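Trainee: Sequence:
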Amino acid sequence: ESLRELWDNMKRNNIRIIGVPEQQKEEQGLENLFEEIISENFPEVGKKKVTQAQRVPNKVNPKRPTPRHIKLSLLRFLSAELTRGYFLEHNEAKYTERRERVYTCMRIPRELEKLMVFGIFLCLDAFLYVFTLLPLRVFLALFRLFTLPCYGLRDRRLLQPAQVCDILKGVILVICYFMMHYVDYSMMYHLIRGQSVIKLYIIYNMLEVADRLFSSFGQDILDALYWTATEPKERKRAHIGVIPHFLMAVLYVFLHAILIMVQATTLNVAFNSHNKSLLTIMMSNNFVEIKGSVFKKFEKNNLFQMSNSDIKERFTNYVLLLIVCLRNMEQFSWNPDHLWVLFPDVCMVIASEIAVDIVKHAFITKFNDITADVYSEYRASLAFDLVSSRQKNAYTDYSDSVARRMGFIPLPLAVLLIRVVTSSIKVQGILSYACVILFYFGLISLKVLNSIVLLGKSCQYVKEAKMEEKLFDPPPSSTPCKPSSKPQSKCKPSQEETLSASVTNQPSHQKENVIPLLVTSNSDQFLTTPDGEEKDITQENSELKHRSSKKDLLDIDRFTICGNRID
5 ESLRELWDNM KRNNIRIIGV PEQQKEEQGL ENLFEEIISE NFPEVGKKKV TQAQRVPNKV
65 NPKRPTPRHI KLSLLRFLSA ELTRGYFLEH NEAKYTERRE RVYTCMRIPR ELEKLMVFGI
125 FLCLDAFLYV FTLLPLRVFL ALFRLFTLPC YGLRDRRLLQ PAQVCDILKG VILVICYFMM
185 HYVDYSMMYH LIRGQSVIKL YIIYNMLEVA DRLFSSFGQD ILDALYWTAT EPKERKRAHI
245 GVIPHFLMAV LYVFLHAILI MVQATTLNVA FNSHNKSLLT IMMSNNFVEI KGSVFKKFEK
305 NNLFQMSNSD IKERFTNYVL LLIVCLRNME QFSWNPDHLW VLFPDVCMVI ASEIAVDIVK
365 HAFITKFNDI TADVYSEYRA SLAFDLVSSR QKNAYTDYSD SVARRMGFIP LPLAVLLIRV
425 VTSSIKVQGI LSYACVILFY FGLISLKVLN SIVLLGKSCQ YVKEAKMEEK LFDPPPSSTP
485 CKPSSKPQSK CKPSQEETLS ASVTNQPSHQ KENVIPLLVT SNSDQFLTTP DGEEKDITQE
545 NSELKHRSSK KDLLDIDRFT ICGNRID
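Convert by adding 4 to the 1-based position in the sequence shown; the result is the number in the numbering used here.
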């Protein structure tokens with residue numbers, strides 16, 4: 005019963021609020037129903053009376069025609085379209101930025117080619133060093149090795165570290181040259197020629213990737229060999245020995261030389277194909293780089309690595325074209341008429357490389373708001389490497405610094421070129437040997453002339469970038485930190501410094517000044533002079549004060565695969 009009463013009360017209230025109560029006659033109407041509901045449920049509101057109610061005025065003009073009723077004649081519409089104007093100065097900043105982007109794209113080919121030419125001559129200088137000065141340096145080192153014991157050992161070392169490295173390079177070249185005689189070039193040529201076009205295209209792409217991987221790891225193998233052979237004996241050695249490192253270096257140079265030979269053979273097959281379809285496909289592979297690089301985010305450091313890789317790739321292609329021409333001229337008995345047959349294809353390959361590089365760099369700088377002045381900064385960094393390696397107390401050889409910066413390792417390419425030249429050109433008679441000697445002296449003259457011009461240009465670029473002070477800065481103290489003479493707490497700053505030296509992304513703006521980046525950073529001091537152990541503590545304190553999270557261009561000394569961001 006209590007539940008029924010509760011339900012009746014709820015139903016009675018609902019009926020009273022909503023409408024007419026039960027059992028009420030319809031004749032009474034709904035005149036006072038609203039007042040009764042308010043007085044029962046809201047007694048306070050019922051006491052108040054509304055004296056005047058005003059409706060919100062309609063702000064829309066009723067006489068204004070709606071969009072459905074617009075009346076416009078065709079003549080009036082055409083007149084409005086023909087005479088309609090606009091003012092570009094209302095968005096001046098936007099259009100000025102667009103114009104600067106156009107000017108930047110127009111400046112990219114000139115600035116890029118200036119960097120490319122300078123870098124190619126740097127690679128040429130390091131490449132000629134292997135054929136000209138390295139044999140002479142090896143001869144002088146061997147002469148010292150065999151004659152110094154006759155005069156008595158006045159020095160603790162029988163050979164200087166640079167002489168040890170020169171002898172190692174010479175021995176590696178000789179061993180790999182004789183090992184290349186066991187590789188049959190003719191059999192490789194016919195084996196590749198018998199494959200289909202699609203297979204050759206895939207093989208060529210795989211060879212390019214393998215060449216980058218070999219270049220990135222090969223210089224580490226050579227550096228490990230040089231340091232293992234010249235490391236002071238007082239230090240505790242934690243390595244496997246000189247001979248295993250030497251065998252690894254020989255194996256690397258031999259395998260890399262074979263890889264470049266397969267690349268040259270594939271290019272030779274493309275040149276000698278009847279319909280030139282393979283050559284066209286291989287050239288179109290260069291345009292795939294645009295798709296893989298243009299639409300990625302690039303910072304200045306990443307673009308610098310890509311530029312170095314493009315320089316190395318272009319110089320390597322020039323040497324490959326030279327090898328292809330030598331092999332073809334040998335097959336046609338050095339007929340000069342056949343050279344003009346190869347000339348259009350050679351020009352087409354070179355032109356496609358230049359066009360792809362220009363388009364790629366132009367759009368990368370456009371999409372990432374990088375100015376064209378950054379290429380002069382890159383050129384100054386390469387020039388700084390050359391100038392610092394020519395110092396009296398340089399810490400590394402010039403060819404090794406180029407290899408670390410660009411990923412260009414001249415030893416495998418030199419082994420292959422010597423193998424091709426010796427097999428293509430037969431030297432018989434005294435006159436032939438005299439021509440070879442004259443050609444060698446001509447190479448030495450070219451090397452000396454190229455080095456002098458490069459050194460003068462490098463000094464000019466370093467001076468323009470205001471980097472002369474860095475040539476006399478002391479090197480960092482991370483290398484000479486020894487656990488035997490110093491506590492571990494003093495070694496920690498150098499370890500932290502190496503961790504903080506990872507490449508960080510730098511935001512690039514269009515109006516950014518590129519010179520202060522090279523002047524104010526102190527993270528590149530290891531490029532100048534050898535490290536001194538007596539100044540470790542003071543150098544560590546000074547480096548901790550000037551440590552920065554940004555990465556200077558001079559710290560980027562390792563070849564990486566381009567197109568990828570470094571986080």
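Just so you know, the hints here were simulated from the structure itself, not pulled from any lab data.
Remember, predicted model here, so these are calculated numbers, not experimental data.
Some clues are possibly wrong.
As the list claims (entries may be wrong) - Between beta-carbon pairs, the in silico distance windows are:
| # | residue 1 | residue 2 | range |
| --- | --- | --- | --- |
| 1 | H185 | V213 | 26 to 32 Å |
| 2 | G245 | S337 | 29 to 35 Å |
| 3 | F347 | L144 | 40 to 46 Å |
| 4 | P248 | K370 | 15 to 21 Å |
| 5 | F182 | P348 | 17 to 23 Å |
| 6 | L326 | G296 | 48 to 54 Å |
| 7 | I207 | K300 | 22 to 28 Å |
| 8 | I448 | K98 | 56 to 62 Å |
| 9 | D377 | G198 | 30 to 36 Å |
| 10 | K295 | N454 | 49 to 55 Å |
| 11 | L251 | L450 | 42 to 48 Å |
| 12 | L326 | K370 | 43 to 49 Å |
| 13 | I434 | K295 | 55 to 61 Å |
As the list claims (entries may be wrong) - The calculated lysine-lysine pairs, modelled on DSS-like cross-linking and capped at a C-alpha distance of 25 Å, are:
| # | residue 1 | residue 2 |
| --- | --- | --- |
| 14 | K295 | K203 |
| 15 | K118 | K370 |
| 16 | K118 | K430 |
Where is the CB? At the ideal position from N, CA and C, for every residue including glycine.
Trainee: Now tell me, hint by hint, if it's right for this structure.
Mentor: How the hints compare with the structure:
1. About 28 Å separates the C-beta atoms of H185 and V213, a value consistent with the hinted range of 26 to 32 Å.
2. Against the hinted window of 29 to 35 Å, the Cβ-Cβ separation of G245 and S337 comes to about 50 Å, which falls outside the hint.
3. The supplied range of 40 to 46 Å is met by F347 and L144, whose beta-carbon atoms lie about 41 Å from each other.
4. At about 50 Å, the beta-carbon gap between P248 and K370 misses the expected band of 15 to 21 Å.
5. Remark: the range hint 17 to 23 Å for F182 to P348 is contradicted by a beta-carbon distance near 37 Å.
6. A C-beta distance of roughly 28 Å is found between L326 and G296, which places it outside the suggested range of 48 to 54 Å.
7. Between I207 and K300 the Cβ separation comes to about 26 Å, which falls inside the hinted range of 22 to 28 Å.
8. I448 and K98 have their C-beta atoms about 58 Å apart, which keeps the hinted 56 to 62 Å range intact.
9. Take D377 and G198: their Cβ atoms lie about 51 Å apart, and the range 30 to 36 Å is violated.
10. Restraint check, K295 to N454: a C-beta distance of roughly 36 Å breaks the suggested window 49 to 55 Å.
11. Separated by about 34 Å at the C-beta atoms, L251 and L450 break the suggested range of 42 to 48 Å.
12. Take L326 and K370: their Cβ atoms lie about 35 Å apart, and the range 43 to 49 Å is violated.
13. Between I434 and K295, the C-beta spacing of about 57 Å keeps the proposed range 55 to 61 Å intact.
14. As the CA atoms of K295 and K203 are separated by approximately 22 Å, the hinted pair is consistent with the 25 Å bound.
15. Distance restraint check for K118 and K370: the Cα-Cα separation of roughly 19 Å lies within the 25 Å cut-off, and the hinted pair is therefore satisfied.
16. At roughly 39 Å between alpha-carbon atoms, K118 and K430 are farther apart than 25 Å, so this suggested pair is violated.
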